[in-house]
Amino acid sequence: MTSTIHSDNPITKERRDRFLSRQSVIEMRARERARALLDPGSFREVLNPFDRLEFPWLPLQGIVPESDDGVVVARGQFAGKPAVIMAIEGAFQGGGMGEVSATKIAAALALARRDWESSRPILPVLLLETGGVRLQEANLGEAVVAEIHAEIIALRRHTPVIGVITGMIGCFGGMSIAAGLCSYLVVLPQARLELNGPEVIEQEAGIDELNAGDKHLIWSLMGGEQRYETGFVDALVEDDVKALRQAVQALAERGVRSRHRSEMVEEYRRRLATIDPAAPPDGPALRRMWPREVKS
Amino acid sequence: METLNFEYKATQRLTRRSHVGVVGSGDLEVLIEPSNQSTSHVRVRTSVDGYAQIWKAVLDRFFARFEPAAHVEINDFGATPGTVTLRLEQAAEGVRS
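Those sequence lines, one after another, are chains A and B. Take 1 as the starting number for the first sequence in our numbering and just add one per residue. Take 1 as the starting number for the second sequence in our numbering and just add one per residue.
Looking at chain A on its own, in the form it has when it is part of the complex (with noise of 0.2 Å):
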């Protein structure tokens, strides 16, 4: 028999004590982390899984549909005030957005937006797990992406609209675009934020151009960590509840963004600019070329 020897040295107590204190937001299905990030008692799921709002769709393909459609939408109080969080499922297809499961966030978004414009202020939270559109539904998730799109724009004058990507999977596609356009993301170092994921980067342009199974690789490009240190988020935090509230609620303090990120075209085309195609720079060198702060 053998026993686990816990060493006495301090530091490593402090963080091993840290670690099994900590309460994993990556370990947590979609309906938890709605529930987890609310003020205690005050989740109040909207379209549950009862009203059956699948996509019925997915059948016909051999598809096994969730009942949900793989989004939680729940409203409830955060540090004392109104919220409204939008979860996207990981499990279920990858976090693929589907017709339904968009048409969810946009819905989502747009009473948030009736809400403020009747002087009935209401904080919205998206919480993004997802691969980007569904492949089964193709342009009909599309479409309801681009409203995603244009209800964040359309709110983000109002209140800030906080994204968080937590990992594993990490934010692709359109939705990658909807992180983008928040007026603050917070990630957590295991989380990835591209455009394009890098096994379709490796399929379209060839593995000399991005090796997908390099994981090292992917993270030191578009990991979280990487993304705070090159300006892309506002907030790094590590996989743990209360960390992530704490993130959130200082992000929702600052209030409405004077410029976001979105309309910062020229700061971030006078950053491509200073990269040469023809010799990229790695993971390193680009937070050296890219700072934080992002100069106007």
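Be careful, since some hints might not be right.
Stated by the list, open to error - One-sided and incomplete, this derived list gives chain B residues near chain A with beta-carbon spacing under 10 Å: (1) R17; (2) H19; (3) G21; (4) V22; (5) V23; (6) S25; (7) D27; (8) L28; (9) L31; (10) R45; (11) E73; (12) D76; (13) F77.
It should be emphasised that the hints constitute simulated quantities derived from the structure, not laboratory data. Remember, it's a predicted structure, so these values are computed and weren't measured experimentally. Yeah, the Cβ is synthetic: ideal placement off N, Cα and C, and Gly gets one too.
The hints should help you fit chain B onto chain A, whose structure is shown.
Just chain B, lined up with the frame of chain A:
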């Protein structure tokens, strides 16, 4: 994908409903609701074809101890019989408590 239907005799009434699980790899979701009929009806949609006998064995065992008249929906993404049993028990706990 395969859709299977099962009927079981019911002797009690149910007042609550419950939902557990997710249609993710090796997992399933279970929805249990009260039914006003004298039987319980189960509809299984599973991504793995050809396991009707196993489903029947797992559900027979569960309904040997579950008496309320319920409408049960299962959306399965390749869960093992053990996982199915655990999810059913978890959902049953939700309607009892």
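- Task: Verify the interface restraint on V22(B): the C-beta must sit less than 10 Å from at least one C-beta of chain A.
- Result: holds, 5 Å
- Item | chain A contact restraint on H19(B) - CB to CB distance below 10 Å | Interface hint status for H19(B): holds (4 Å vs cutoff 10 Å).
- Query: Would the hint on F77(B) stand, with a C-beta cut-off of 10 Å toward chain A?
  - Reply: Holds, about 6 Å.
- Message: Let's test the interface hint: is any C-beta of chain A closer than 10 Å to that of R17(B)?
- Response: Hint on R17(B): holds, closest Cβ of chain A at ~6 Å, below 10 Å.
- Interface hint status, R45(B) versus chain A (Cβ within 10 Å): Hint holds; R45(B) Cβ to chain A Cβ min 5 Å, cut 10 Å.
- Taking the least C-beta to C-beta distance, is G21(B) closer than 10 Å to chain A? Holds. Min distance 9 Å.
- Message: Tell me if the interface restraint on L31(B) is satisfied: Cβ within less than 10 Å of some Cβ in chain A.
- Response: With a minimum Cβ separation of about 6 Å from chain A (threshold 10 Å), the hint on L31(B) holds.
- chain A contact restraint for L28(B) - C-beta distance below 10 Å: holds, 9 Å
- Query: Does the nearest C-beta of chain A fall within a distance shorter than 10 Å of the C-beta of V23(B)?
  - Reply: With Cβ-Cβ at 4 Å, under 10 Å, it holds.
- For the hint on E73(B), does the least C-beta distance to chain A fall short of 10 Å? holds, 7 Å
- Does the nearest C-beta of chain A fall within a distance shorter than 10 Å of the C-beta of D76(B)? holds, 6 Å
- Message: Checking hints one by one. Is S25(B) an interface residue toward chain A, by the C-beta closer than 10 Å rule?
- Response: holds, 7 Å
Consistency note: the structure conflicts with none of the earlier hints.
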